[in-house]
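Sequences are here, hints too, so could you generate the full structure?
Number of protein chains: 2
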Amino acid sequence: MQRRDLLQKLLTVGSAAALSPKLLAAPAVSEGRVQWRMASSFPKSLDTIYGAGEMLANRVSLLTDGKFQIRVFAGNELVPALQVFDSVQNGTVECGHSASYYYVGKNKAFAFDTCLPFGLTARQQTAWYQRGGGRQLIQEFLRPYGVISFAGGNTGAQMGGWYRQPVRSLAELKGLKIRIPGIGGEIMSRIGALPQTIGGADIYPALERGAIDAAEWVGPYDDEKMGFYKVAKYYYFPGWWEAGPQLSFFVNAQAFLKLPRSWQIAFEVAASEAATLMLASYDAQNPQALIRLINQHQVRLMSFPEDMMKAAQKTAFDFYEEQAASNPAFAKLYRSWKPFRRMEGGWFNLAETSLENFMYKNASR
Amino acid sequence: MQRRDLLQKLLTVGSAAALSPKLLAAPAVSEGRVQWRMASSFPKSLDTIYGAGEMLANRVSLLTDGKFQIRVFAGNELVPALQVFDSVQNGTVECGHSASYYYVGKNKAFAFDTCLPFGLTARQQTAWYQRGGGRQLIQEFLRPYGVISFAGGNTGAQMGGWYRQPVRSLAELKGLKIRIPGIGGEIMSRIGALPQTIGGADIYPALERGAIDAAEWVGPYDDEKMGFYKVAKYYYFPGWWEAGPQLSFFVNAQAFLKLPRSWQIAFEVAASEAATLMLASYDAQNPQALIRLINQHQVRLMSFPEDMMKAAQKTAFDFYEEQAASNPAFAKLYRSWKPFRRMEGGWFNLAETSLENFMYKNASR
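From first to last, the protein sequence lines are chains A and B.
Each residue of the first sequence is one higher than the one before, starting from 7 at the first, in my numbering.
Each residue of the second sequence is one higher than the one before, starting from 7 at the first, in my numbering.
What the hints contain is simulated information worked out from the structure, not anything from laboratory work.
Not one of these hints is a red herring.
Where chains are identical, the list cannot tell them apart; a pair therefore holds if satisfied intra-copy or between any two copies.
Straight line, CA to CA, 25 Å or less: simulated DSS-like cross-link-like pairs of lysine-lysine:
| # | residue 1 | residue 2 |
| --- | --- | --- |
| 1 | K367 | K344 |
| 2 | K73 | K264 |
| 3 | K320 | K180 |
| 4 | K367 | K320 |
| 5 | K367 | K316 |
| 6 | K316 | K180 |
| 7 | K180 | K239 |
| 8 | K112 | K338 |
And the structure:
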């Protein structure tokens, strides 16, 4: 059979099928195929975070027998990494994977969707978001942007970053140039440091030549790949500005509404699974990376001085009260978040950390 | 048009459609409908646990445009609550929602799928299961039973239970009749208590009339409904035998293999979401219930004495080593679980609880 004949035959079968009453009755998009683009804020090298987008796309495809395809683009591949939200908002892409706190320049209230300094742990953030009213408040906040969002993973508590010299007290923090963006940077500034906003690729050289004194990134698994241990040996904990940062899958609301119901659910359920697996990946991989950093790279673990922690926490909550007084969107979220945080703290202190502290202090054989 | 004519016309269209090459190519079951039954081990009154089965069923239905229906039956409604695994194994039901550690009578190794005393927290269990090799080992262990399983939620760390009188030391534990089943009961027995196995409905009367001295159940949200605070005022923490018990969705392997691939994925992804939301529900509701128990019911919170905790932990690990020496299935899982637990402990102690301890100790305004 000639190639042209074969094609003709396929086209004929196709036309007949397209005219059958069964197919005509079904919604066009349901019997059709949809191709979406997802802009990620993250480079492929951050495989644990970036990978969550790929996981979601893969599951959605499997759930829809391949009819709903999502192609994931790494940060800066299609749109600037820190403009993913804008790109979803204006429809350049149908969806994105990012962190809401990258967009605090638009409104500080974005931070509640990710984390605030001295805020919720990963489990507490999930509890607030999914069962404490957080999700509804965040969707209400995002509505004017024409964007809806789904929880998109969590890194767990991050590390406090890499310092070229030890910091023994709040006083020694004064004047240090520390790479730390966002509200964490704001708090650092108020307690005396000089926060710097530097893109991922530029941190290492700045740290190496001493243009900055310290830099925070994520945690052992991601930090190890950046090689910071070669130029700054003091690795501080805890990362009090990121106790449990939640990532987000953003979706253009109009695009979402065009999907058949079952595909909307497919996106939502796949997002939930990808979020769970991201945290599991970090929790499984961070300990191994930490051991390598200590044993192979002579990294020195250091805890932030108590007076600095106390000053930072007080400053953070002063900042939230200030914001709440002048920003109604922030105030609305804060009024839900703050008492929830307090209750969670009481409960986790009792049931969870009391047992964890015992187990971590009293090693079993 | 006569009704008969209309029917005839519809049937004709139906036949034509059934003969189209497109439809013949599709797997029969995919175009059909499937009705499954899920036996839960839990009563509807434990809405947080029981509800996870309903959530899964609802999502699977939505994901498959209503073609794959799962009807959930509460514990003892269809099959005995503690024989859910057996019912899935022998095909009485296609799937179940239960806890693997109910089946340690068959093999102690079942416990790794749920929890072991002084074991992993909820997050650590998820990390081990999903990204630490646990899932593969559990599936391998279950294969001879013809059952596959999916993580089916977690309660978070449970409470230590309700005591009629305070227990101030290990010595005072001696001879106390405590309702506590499974391996937790085994450890309690080895450190001097007299563990009792009593079904949920019979605990309250036994506690009321003093037939037992104490009883453990779940945590504040579930315990409150049981009313234990009326007959035993001392509420102990932490529940060291259940740091992060994971529930399971069991599926008859043959039934699962008959599903089209996209429905298998629907079940798996919906299970993951239900699991995440169960823990979020507990984390959101336990603190509120605890506050009610203290403020409205004058419950007294008590921590287990340190010497008892130490004796219990040592005894637990002695027990695991014993089991590993005589039970190859237990040994195989233990060899994965034990070093994973140790690494997680080091990491969480550093990054997570150091920050949590600071925040819970230093209340912000």
